[in-house]
Structures are given as C-alpha cells and as structure tokens.
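Chains as they are written, first to last, in our numbering: chain A, 14 to 520; chain B, 117 to 443.
Rather than coming from a laboratory, the hints here were simulated on the basis of the structure.
Treat the hints loosely; a few may be bogus.
[As the list claims (entries may be wrong)] Stretch-level coverage of chain A by chain B, calculated; a stretch enters the list once three of its residues show a Cβ under 8 Å from a Cβ in chain B:
id, region
1, 329-337
2, 344-351
3, 383-391
Note that CB positions come from ideal geometry on N, CA and C, so glycine has one too.
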Amino acid sequence: MNSKPRLAPQPAPFLAMEAISKAYPGVVALADVSMTVQAGEVLGLIGENGAGKSTLMNILGGVIAPSSGRIVIGNVVYERLSVTESHAAGIAFVHQELNVFDNLDVAANIFLGREMQFGPLGLMDLKGMREAAKPLLARVGARFGPEARVLDLSLAERQLLEIAKALSTKARLVIMDEPTSSLTISETRTLMKVIVDLKAQGIAVIYISHRLGEIEECADRVVALRDGRVAGELARGEIRHDAMIRLMIGRDLKALYTPPSAPIGEVILSLNGVTTQAWPHARADLDVLAGEIVGVAGLVGAGRTELAEAIFGITPMLGGEILLDGKPFRARIPREAIDAGLYLVPEDRKRNGLVLESSVSDNIVLADLKSLSRQGIVSETRVRARAAAQRERLDIKAVNLSQVAAELSGGNQQKVVLAKWLSMRPRLIVFDEPTRGIDVGAKSEVYQLLRGLADAGVGVMMISSDMEEVIGVSDRIVVLREGRVQGSLQRAQLSEQSVLRLAVGAN
Amino acid sequence: MQKKDMGLTVLIILVGTIVYLRNPLFLSPINLGNTANLIGLFGLFAIGQGFVIMTGGIDLSVGSMIALLGVVFVDMVGKYGVPWPIAALITIGAGTLMGLAHGLLITRLKMQPFVVTLCGLLIYRGVARGYTGEATAGFPFGASYPQLEWLTIGRSFGVPHCFFAMVIVAVICWVVLHRSVFGRHLYAVGRNEDAARYSGIHTGRVITAAYVICAVLTSIAAIYFAMFTKSVQPSSHGNFYELYAIAAAVLGGFSLRGGEGSIVGVVLGAVLLQELQNLVNLLGIPSSLNFAVMGAVILLGVLADQQFNRYRARRRAQRTIQHHTTT
Chain A
14 MNSKPRLAPQ PAPFLAMEAI SKAYPGVVAL ADVSMTVQAG EVLGLIGENG
64 AGKSTLMNIL GGVIAPSSGR IVIGNVVYER LSVTESHAAG IAFVHQELNV
114 FDNLDVAANI FLGREMQFGP LGLMDLKGMR EAAKPLLARV GARFGPEARV
164 LDLSLAERQL LEIAKALSTK ARLVIMDEPT SSLTISETRT LMKVIVDLKA
214 QGIAVIYISH RLGEIEECAD RVVALRDGRV AGELARGEIR HDAMIRLMIG
264 RDLKALYTPP SAPIGEVILS LNGVTTQAWP HARADLDVLA GEIVGVAGLV
314 GAGRTELAEA IFGITPMLGG EILLDGKPFR ARIPREAIDA GLYLVPEDRK
364 RNGLVLESSV SDNIVLADLK SLSRQGIVSE TRVRARAAAQ RERLDIKAVN
414 LSQVAAELSG GNQQKVVLAK WLSMRPRLIV FDEPTRGIDV GAKSEVYQLL
464 RGLADAGVGV MMISSDMEEV IGVSDRIVVL REGRVQGSLQ RAQLSEQSVL
514 RLAVGAN
Chain B
117 MQKKDMGLTV LIILVGTIVY LRNPLFLSPI NLGNTANLIG LFGLFAIGQG
167 FVIMTGGIDL SVGSMIALLG VVFVDMVGKY GVPWPIAALI TIGAGTLMGL
217 AHGLLITRLK MQPFVVTLCG LLIYRGVARG YTGEATAGFP FGASYPQLEW
267 LTIGRSFGVP HCFFAMVIVA VICWVVLHRS VFGRHLYAVG RNEDAARYSG
317 IHTGRVITAA YVICAVLTSI AAIYFAMFTK SVQPSSHGNF YELYAIAAAV
367 LGGFSLRGGE GSIVGVVLGA VLLQELQNLV NLLGIPSSLN FAVMGAVILL
417 GVLADQQFNR YRARRRAQRT IQHHTTT
C-alpha cells in the first residue's frame with residue numbers, strides 16, 4: 014500500500030479541517046490551518062511544543078471551539094464540534110497523560126461510562142465486559158487480562174489499555190498523542206503492528222510524536238506545524254529525519270553526538286553487585302568515569318530507574334555496594350547523596366522533579382537553601398541572584414523568576430530541574446529520561462549541557478529508552494536486562510541492533 | 117500584604133462598620149478589649165493549625181488538648197502547689213510530646229492525619245474526663261498568682277496581654293514561615309512532597325515539626341484558656357475549638373490540600389471569626405444561631421475566594437498560551 018504511487022483523483026477525505034484559526038486575547042494559537050485525513054491513513058503530526066498541535070487536536074476532540082474555519086467529517090460540516098459530536102463522529106483519543114482509573118480493573122476501564130448491563134435492575138454485566146475486552150486486548154498485544162487491576166499495570170501497559178479503550182469505541186479516527194513516550198522497544202513494535210492493523214480496517218490514525226524515527230516508520234504523510242501555521246507537508250517518499258526537523262524548526266539541526274573534548278578521568282562511581290527491589294535476585298555492576306556520558310539502555314522495567322534511585326537514596330539497596338571515589342558509600346535518604354554531589358534528574362518531572370505550584374526561582378534554589386541563608390533565614394537577594402544566573406546560563410524561557418513552574422513548557426521545566434543541580438557542586442548526575450516529552454530544540458540544548466558537564470569532569474549517567482538518543486549521545490552504553498548488566502558497548506560498537514540484542518536477550 | 121489578605125481586611129472593616137452603625141457599643145473600649153482577648157486566645161492555636169494545614173494535614177485534637185492540658189495545668193498549680201513556671205513548662209512539654217506522637221505516627225507509620233488526630237480528639241477528651249472523674253478542675257478559693265495572672269489575663273493600656281502574646285507568636289511564626297529555610301521547605305512539602313524529597317528535604321522531619329509547632333502553640337493557648345475561665349469543665353472546655361482554628365485558617369486563605377496560606381491570613385481569619393461572634397451578640401441575634409452565621413460567612417468567603425482564583429487561573433492560562441507562542 015505504501016509503495017503504490019498516489020492516485021490522481023483522491024477519494025473524499027474522512028476528515029477535513031479547513032482554515033482553522035484559534036485566537037486567544039492577544040495571541041493567535043492557530044492561524045489558517047487546513048488539513049485532511051483519509052480513511053485508513055496514518056498522518057504524522059509533528060511540531061515543537063507550543064506549535065499548536067494540542068490546540069488543533071483539542072478542537073477535533075470538541076474541547077476547544079475554533080475562532081474561525083470549519084470541520085468536515087464525511088459530508089457533515091461543523092462550525093465547531095462538541096465532545097459528544099466528536100465522539101459520535103468516530104474520533105477517539107489516546108492521551109499522553111494517561112486517563113485510566115487505577116482502582117478499577119482493565120475491563121471496567123475499557124467500558125467506563127458505557128458499561129454493559131443486564132436484567133431489570135440494570136446490573137453490570139461483568140462477565141460480558143470481560144469477554145468483550147479480550148479480543149481488544151489481543152489486538153494491542155497486551156500480556157494482561159481483562160481482570161487485571163490497573164494498579165498492577167506498568168506505565169507502558171496502561172498505555173496499551175488506553176489504545177484498547179479507543180478501539181472499543183468503534184473509532185474511525187484514532188488520535189495518538191506521544192503514545193510511545195513510556196513504551197519499551199518491543200511494546201513500540203507492538204504498537205506499530207496495531208497501527209498497521211488499524212489501517213487495514215480503514216481506520217485513520219493521527220500520530221503525534223517527538224520520536225521522528227517512529228513517524229518515519231509508520232506515517233503515510235506528515236504535516237508539520239510551526240508557530241500555529243502549517244509549515245509544510247511531506248508525502249510518504251519524502252519523510253526523512255532531516256526533512257522533518259527542517260520543517261519543525263525551520264533550519265537544520267546539528268548532529269547529536271559531540272565527542273568529549275576533555276580526557277576521560279578516574280572512576281567516580283562503581284556499582285558492585287547492586288540489587289534493588291525491582292529484581293531482587295539480579296546483581297548489577299557498572300562504573301561511571303569522570304568526563305564520560307554513560308548511556309543506560311534497556312527495556313522499561315529492566316530496573317534502570319530503581320538503580321538510579323538506589324544510588325540517590327530513594328529506594329533501598331537490598332545488596333551489593335556502591336563505591337564513590339573508591340570508598341564505600343550508601344545514601345539512606347536523598348540528602349546524603351546530594352551532600353556527596355550525586356544528583357538525580359528524575360523521570361517523572363512533574364511529580365518528582367518540580368514543585369509545579371512554586372516559582373521558577375523557588376524551584377532552582379530548593380535543594381540548596383542552606384547555603385543561601387544565614388542562621389536559618391533565607392536571603393532573598395542571594396536567592397534572586399542564584400536564580401537569575403541560572404536562568405541566564407540555561408536560557409530558561411520564563412516571563413520572570415516568579416512565574417510558577419507549571420506555566421512553563423516541558424523543555425523549560427526540565428531546564429529548571431537541571432538548573433537546580435547545576436548551581437550546586439555536582440560530582441555525578443543521573444539523568445532519567447532527560448528529554449521525555451520535550452521538543453527537538455530543547456533536546457539538543459540538553460545534549461549540549463550533558464556534554465558540557467562531562468567535559469567539566471562530572472560523571473554523567475543517562476537512562477534513556479529513546480534509541481536514537483541513547484546511541485547519539487553516549488560515549489559508552491551499558492545495557493540492562495532484568496536487573497543485570499548484559500554488556501557494555503563502546504562508541505565504535507554502537508548500533509540499534511547491538512543495543513537491542515542485549516536489551517531483549519535475543520541471539 | 118497579599119491581595120487575599122487585603123480582601124479579608126476590607127471584609128473585616130466592612131463588617132465592623134455595619135455592626136458599629138447598628139450598635140455603637142461595638143467600638144466601646146470594653147467590647148474591643150474583650151474581643152481582642154478572644155482573638156488572642158483563638159489566634160494562638162489557629163496559627164499552629166496553619167502550620168499543619170500547610171503540610172496538607174489537619175489536627176482535630178486541638179480542642180481536647182486544650183481541655184486535657186488545662187485540667188493538668190490547673191491541678192498542678194491549684195491542687196499540688198507546683199510553682200506555675202514549672203507547671204507551664206510541664207504543660208508545654210506534654211503538648212510537645214503529643215505533637216511529636218502525631219507527627220511520627222503520620223510520617224513514620226504512614227497513618228492519615230485525620231485518623232491520628234481524630235483518635236487524639238477522643239483520647240485526650242476521655243483522659244481529661246476520666247482523670248477528673250467529670251469534676252470541674254479549679255483553683256482553691258482565694259488563691260492568687262499575681263505574675264501568672266498579669267501575664268495571662270492582665271491588661272496594659274486596656275489591651276489584654278493575651279492579645280500581645282498572640283502578636284508576638286504571630287511575628288515569630290511569620291519569620292519562620294515566610295523567611296526561614298524551614299518555611300520554604302514547608303511550602304515545598306505541602307505542594308509536592310515527592311519533589312521535596314527528591315530535592316533532599318527531610319520531608320518527614322518537616323511534617324513532624326509542623327505538628328509539634330501546632331501542639332506547642334495549642335498548649336500555650338491551653339494555659340491562657342485555663343486562666344481565662346479560671347476553672348476547667350473537662351467535658352465541655354474547648355469543645356469544637358479545632359474547628360475554629362481550621363475555619364480561621366481556611367478563611368485566611370489556607371488550602372486544605374496544603375502549600376497555600378500565610379500567617380497574616382490566619383490571624384485575619386481569627387479576627388473575622390471573633391468579629392462575627394461579636395456581631396451575633398451585639399445585633400441581638402439569638403446566640404443559638406451563632407454557628408449558623410459563622411458557617412454561612414465561611415462558605416461565602418471561601419466561595420468568593422475560589423471564584424477569584426478561577427478567574428486568575430483563566431488569565432494565567434491565557435498568559436501561558438501567549439508565552440508559548442512567543443517563544
């Protein structure tokens with residue numbers, strides 16, 4: 014289907030958005046955006062954060078009303094959609110922020126609000142729902158059953174559940190917003206198969222992702238948004254990484270990898286047979302040297318985050334030892350790790366990295382208030398000075414230092430987390446999925462920062478599930494599987510295959 | 117002063133003006149002195165409650181603590197002849213231990229604040245009643261403690277010393293909450309305990325400290341109340357006082373979710389509550405309607421505040437969109 018040349022007279026599209034604009038007081042979020050989606054087509058939608066992707070999709074979902082323009086679905090013309098109309102027209106969402114209820118089981122989540130009933134009392138038909146859920150789960154390749162409690166599911170499995178839920182609504186268009194941001198490599202493969210399956214059934218997919226490799230793989234056509242306008246469109250044959258980036262940011266991006274400019278130094282941190290609760294019977298060994306970026310690859314659930322948290326004193330270490338500069342070290346609480354210069358940039362920025370309701374400056378100084386105070390009283394002048402310096406250094410885009418962190422874009426939020434640690438004296442920083450959900454421009458800034466840290470003699474450990482990133486940025490990659498280090502690959506040996514082979518354990 | 121505090125101040129002046137116009141006795145020195153006395157008494161432990169609410173917790177045991185510690189203090193001084201400074205130290209020490217127990221049960225054993233302090237409410241009240249055998253604890257006839265009385269129920273220039281005590285406590289707490297490292301940590305823990313922990317804050321210690329502060333201020337208030345009423349009736353003394361404290365904090369802009377509020381706010385909240393009590397008395401409203409008036413005003417106050425916040429959030433959202441498209 015992909016290889017076929019485009020036929021000249023196109024069939025009427027399933028969906029057409031015509032000259033959609035959305036203005037807020039004093040700002041234009043979308044300007045004259047037109048876009049079509051054919052039945053059974055996978056449309057890749059790309060753009061940096063703030064380019065207007067979410068606004069556009071929220072208009073489709075009926076959450077936001079456009080200021081002008083119209084939406085045509087089939088042959089019905091809408092000035093605006095309501096949530097119900099959108100639903101009735103067969104549009105389903107798979108949100109990046111998961112909307113599942115972890116106190117219910119899988120089947121109950123799938124049929125939430127549309128529960129099957131029986132008998133005169135309208136009691137819930139639990140058995141019927143579970144039966145009906147089974148084929149849906151099979152279609153997304155889920156390894157859990159309809160009775161499973163969502164509480165017990167991993168982030169990735171919940172994502173699959175969301176997709177199954179979208180399928181259950183007999184959708185004709187499924188909008189997937191960053192669906193793989195928490196999926197493992199093999200789960201991403203499964204998702205790609207699901208998408209092919211959807212296409213075959215004539216269901217259209219709008220696929221929004223910052224992972225351009227996935228877009229390259231699955232999209233039939235790409236639309237790029239920039240500053241609320243359509244920056245360009247790519248047909249199947251033109252979808253290439255560099256072309257997409259050019260459309261998104263309006264220029265070419267430098268190569269990811271920059272070699273170290275300072276020599277690699279001594280071992281800073283060694284893990285010897287470290288065991289965590291995730292894999293109580295597996296022992297992990299790894300070293301981080303001053304001046305190198307060590308990528309930690311592996312599937313989600315391989316125990317990478319737990320390892321980082323054990324170093325940082327969040328989760329207890331069940332066995333083994335950690336050596337810092339050759340001396341045994343064990344942090345029972347984060348403060349002890351921080352005092353030793355070991356910092357963690359956590360995976361879940363909003364939950365663990367930031368106090369969202371606090372200001373940019375309060376977040377930057379949060380871990381180091383002691384040194385900005387005298388006799389327990391905080392010096393506001395020194396706080397401001399510290400925060401202003403960091404904002405300058407990392408180019409944090411905020412109205413001012415009093416702006417609350419919640420209002421910043423993902424990339425700038427991440428910079429605030431980094432600023433917190435960079436303003437102190439790092440010996441080693443563990444970055445857990447440092448670029449998750451942030452746009453291409455901010456990503457490359459983060460990579461430069463990592464390199465800058467390494468060149469300054471700081472040990473850098475980067476946990477990442479983004480293959481392109483982990484291969485592109487690391488000097489060395491350590492692959493974890495089921496809590497064990499499966500191997501360590503030098504720069505010369507790095508390839509997607511070599512990493513994947515170690516991560517999944519295939520021969 | 118924050119906008120919220122300004123709004124509350126305006127409301128206090130507005131209510132005061134209306135009451136004064138209906139009954140000029142409102143501004144008589146005697147009435148003002150008595151109201152200031154009550155503001156001092158209730159303000160003392162409302163400030164403490166503020167610290168706990170800042171963590172996202174709640175302390176329901178306050179009223180019972182005032183009864184139990186009041187009984188203990190009165191008995192020590194009146195019955196056993198313990199010198200009052202030592203008795204005061206013991207009382208405050210006992211309060212500290214109660215606060216510590218609450219804090220440790222909540223942070224170490226991960227119990228819910230509501231449950232822990234609800235049990236405190238029941239236990240302390242029960243112990244107070246059991247210890248006295250339901251009898252009223254009081255000072256012996258004719259006994260007098262000049263220094264203690266000067267400190268607690270004395271007045272200078274017509275202003276009750278209890279009010280001064282509250283002001284001093286408020287100033288100290290203002291510095292602690294709004295200017296100290298501990299205060300910053302408290303705000304962070306209240307807003308996002310996880311992120312605070314990941315930033316190296318000893319979250320358990322911070323939360324426990326909040327319960328201890330609350331209990332210490334409550335035990336100081338317990339001594340003032342005991343001296344004010346002169347006798348402590350263990351089954352009714354301090355009943356529902358925790359709710360006055362929570363109401364003052366909520367009126368003052370504290371969020372029960374934590375991480376929101378100010379000392380000025382909770383003091384103003386306490387002032388407004390006492391003003392309302394006074395309003396009921398001075399306007400000849402049956403005192404049985406007391407609670408109804410208070411409840412209605414709190415409901416309206418919080419509602420208005422919330423509407424204002426929603427308006428601000430909308431404006432903020434618009435600013436965000438603006439900001440995102442310009443960067």
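Does the structure break any of the earlier hints, and which numbers would those be?
Hint 1 contradicted; others consistent.
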